[in-house]
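Given the structure of chain A, go ahead and fit chains B and C onto it with the hints provided.
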Amino acid sequence: MTVLLDIHNVSKAFDQLAALDNVSLQIHTNEFFAILGPSGSGKTTLLRALAGFESLDSGQIVLDGQDVADVPPNERPVNLMFQSYALFPHMTVFDNVAYGLRREKRPQGEIAERVTSLLATVGLGDMATRRTHQLSGGQKQRVALARAIVKRPKILLLDEPLSALDRKVREDMQLELKRLQHEVGITFVVVTHDQEEAMSMADRIAVMDQGRVEQVATPVELYKNPGNPFVANFIGTSTLLRGHLSSGRLHLTNGVKVPCSLPSVDGAEIWLMLRPEDISQTPAGAITGTVISTNFYGPNCLVVAECGLEIPVKYLVGNSEVPRVGDATKISWAGDTGVVVRAS
Amino acid sequence: MGYVIAFMVLPIAIIATYSFFQRGQYGGIVYSLTLDNFARALDSLYVGILGTSVALSSTVTLLALLIGFPTALAITKLRPQHQNIALVLVILPFWTNFLIRTYAWIVLLSSEGLLNQGLLGLGIISDPLALLYTPGAVVMGLLYAYLPLMVLPIYAALSRIDPSLREAAIDLGASRFTAIRQVVFPLAIPGTLVGCVFVFVPSVGNFIVPELLGGGKTVMVGNLIRDQFLKARDWPFGSVLAIAMVVMLVLLFALQARITKRVLGQG
Amino acid sequence: MTGVGKLGWVLAAVCFFLYAPIAIVIVMSFNASKIPFQWTGFSTRWYSELFANASVLEGLRNSLIVGVSTMILSVVLGVLLAIGITRHSTSSAVQALALAPAIIPDLALAIGLLALFSAISVPLGLTTVILSHTIFCMAFVAAIARGRILQIDPALEEAALDLGDTPRGVFFRVTVPSLMPAIIAGALLSFTLSFDEFVITFFTNGPSTPTLPIVIYSMVRFGVTPEINALASLVLLFSVAIVLISQRSVKLSQSI
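Chains as they are written, first to last, in the working numbering: chain A, 47 to 390; chain B, 159 to 425; chain C, -1 to 254.
For reference, chain A alone in the conformation it holds in the complex (with noise of 0.2 Å):
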């Protein structure tokens, strides 16, 4: 894997307040990359300074090789899809496509060629002669889309790419965007909050908050092994539990000791993170607590109780055992399931 885009110690601040503090990630040839997180934590203005929108405090940006900072946002084989999409509304849904290549001097034959073949290529074959404002939302995204990669910039950036279309429409682009980044094998780099579209789509993630890159990892990886409370928080559904570790034995702020035997140093303070299928509801249960509410999912229905911890335990069931809220229950799991999370 070879690393396409190198991003070093990058720093860049709003009025004295960090909007980038000491960034660096690598983003690989051919990947489709997905930058995580909440608003305020920075990923719009590396986006921004990545298409040549921002200017740097400090760092290096550095694309196959060459340092692009002062590369001026018309000059670089970068392209960005909107979150507005930001469609020319005078022009039709070809001369929108073919903005890049005109600026390029192409000349018309392979233009005309390019447009058509990739217009097809996203569904939109007989769209050409549209106007913009005919679109509908997602019809819209494809022109955006369409428009930057026609050029085959060696990154194409989407600023949030599904947030403004419905829930249907959303999963049939998720499936889209990774069929058309094979196809046509350019590097993707998403930048979105829905921590659930980046789990789907991407090949590895950078969860980002505050500014700061917290973990880079692959969707399993980031679900599996979060680094710190923020990421485990952030990916996915889990309860994180504070612990007293002593003699393979986790003494819980309620009183209750549970086994543990996952590996850490004893007699240490950890977090204990819990997905909700790691825990289960059983009369033999060591944990007591009552029902708050019930949320149905679909194939099970996620429980939350309040166990006289410092939260409440979220968990799953099956659709035959729900509970009622008020009613009493009892949980428990396994001593080796579970992560332990540092404190960061």
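Where hints are given, some of them may not hold.
[Claimed, not checked] Using 25 Å as the maximum straight-line C-alpha spacing, the simulated SDA-like pairs for lysine to any residue come out as follows:
no., chain 1, residue 1, chain 2, residue 2
1, A, K151, C, T84
2, C, K4, B, S322
3, A, K214, A, R198
4, A, K151, C, T164
5, C, K4, B, L231
Quick caveat, the hints were computed from the structure, so don't treat them as lab data.
Below, chains B and C alone, put in the same frame as chain A:
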């Protein structure tokens, strides 16, 4: 975009030229600084004229407010498609020739004019009324000219008030009248103030209406300034008067901004 | 929301008030009688006499020259000004100053300009009139353009840059076309404003090149005549037509 900055300086340059003349004088040949003109301006004659101008303009503004506010309110209650048509209707006269609109009032008000003819014909009066060349005619003329400028900002302010605010007040127990008084009115004040300023400011500086409809019997500060510049050729004195007018208006703007801040800021 | 109700009467009365005088002038212009207020029959003779009147024709010619020149200049400058204050500056003081000429009394602006021209010894004539009109029309165009700019997605220009265009190219290929409705409305309105402009012209014009409003003024000072009625009607209808056409591009309510 340096060009843009340069062009922004132009209007400022003009206003700057003013202060030039305020302090500097020239009587054709000699440039010398003097404050004589300021003293002259304070002469009771001129103060009286300024007073008349303010009084007349205030009357016009008040009338415009009394008529304009309900009008703007009426427009907000029309169906959305009709609102724009109504706005265009109200604002259209403003975009036509000011002189001609004033002239139309001469047609109406003169002693052989239509209004008199109508009243005579209906037997309501036996002698034509002297409607023209009175302060009343001047007020009418100014009101006619600037009423649209009162309606537009009030409409803008009213239409921006979220209707759910009023509904929320009623939901929380206020009577319809109280809801209007406590929610709608305060939010409409800034727009109303803008409307008042838009009417008062041009009225004060106007000289056409006092001349054509007032017949020289009602002299306003606008006429005075015009005369100083074009007839008496006493530019310095004219400038002083103009500065006085502009200063008064700047104070008005500041006052309006202050009140707006108060109402919106603490609201 | 309850309907218009009784307030509708206020609106109707106001419209009547605004249009009645104008309507009367138009009706009277077709009066065959030479004595204004006595109706003797329908005639268009005053209109034909207008076209034979040399000073009216000269005024018209000058007004058209000034109007078209002002229109072109104020659109170019006004749009640049609008872009400057909307995209490149956040200071509200700057914004107020830029739009000031539209708000300060025309008399103040007029004598300020007169003072300026004489200070730099520029002879008064059509050129000074054009410059003066441009200064205040420019502010109107800027106000209209600003309204439109605020509605446009700022990402459009970034998108064009991202796709490889130069800043100048972006301006002509993306910015200007997306502002076109405001440009058209601004052009039409500044032409109208210039065409109807009296006060500023009065002060900044030379004696030998009167514009149409100045011609009208000298006619009106002598009293009501049928020729004025005809001329007034034509000018009114002309202005109305232009404003209505411009409405198709930009709704006036959006530029407040």
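Hint by hint, here is what the structure shows:
Distance check on the hinted pair: K151(A) and T84(C) sit about 32 Å apart at the alpha-carbon level, beyond 25 Å; violated. A distance of roughly 23 Å separates the Cα atoms of K4(C) and S322(B); the hinted pair therefore holds under the 25 Å criterion. For the hint linking K214(A) to R198(A), the alpha-carbon distance of about 29 Å lies beyond 25 Å, and the restraint is violated. Proximity of K151(A) to T164(C) is assessed by CA-CA distance (about 13 Å); at most 25 Å being required, the pair is judged to hold.
The hinted pair formed by K4(C) and L231(B) meets the criterion: a straight-line CA distance of about 11 Å does not exceed 25 Å.
The structure fails hints 1, 3 (numbered hints given earlier, in ascending order).
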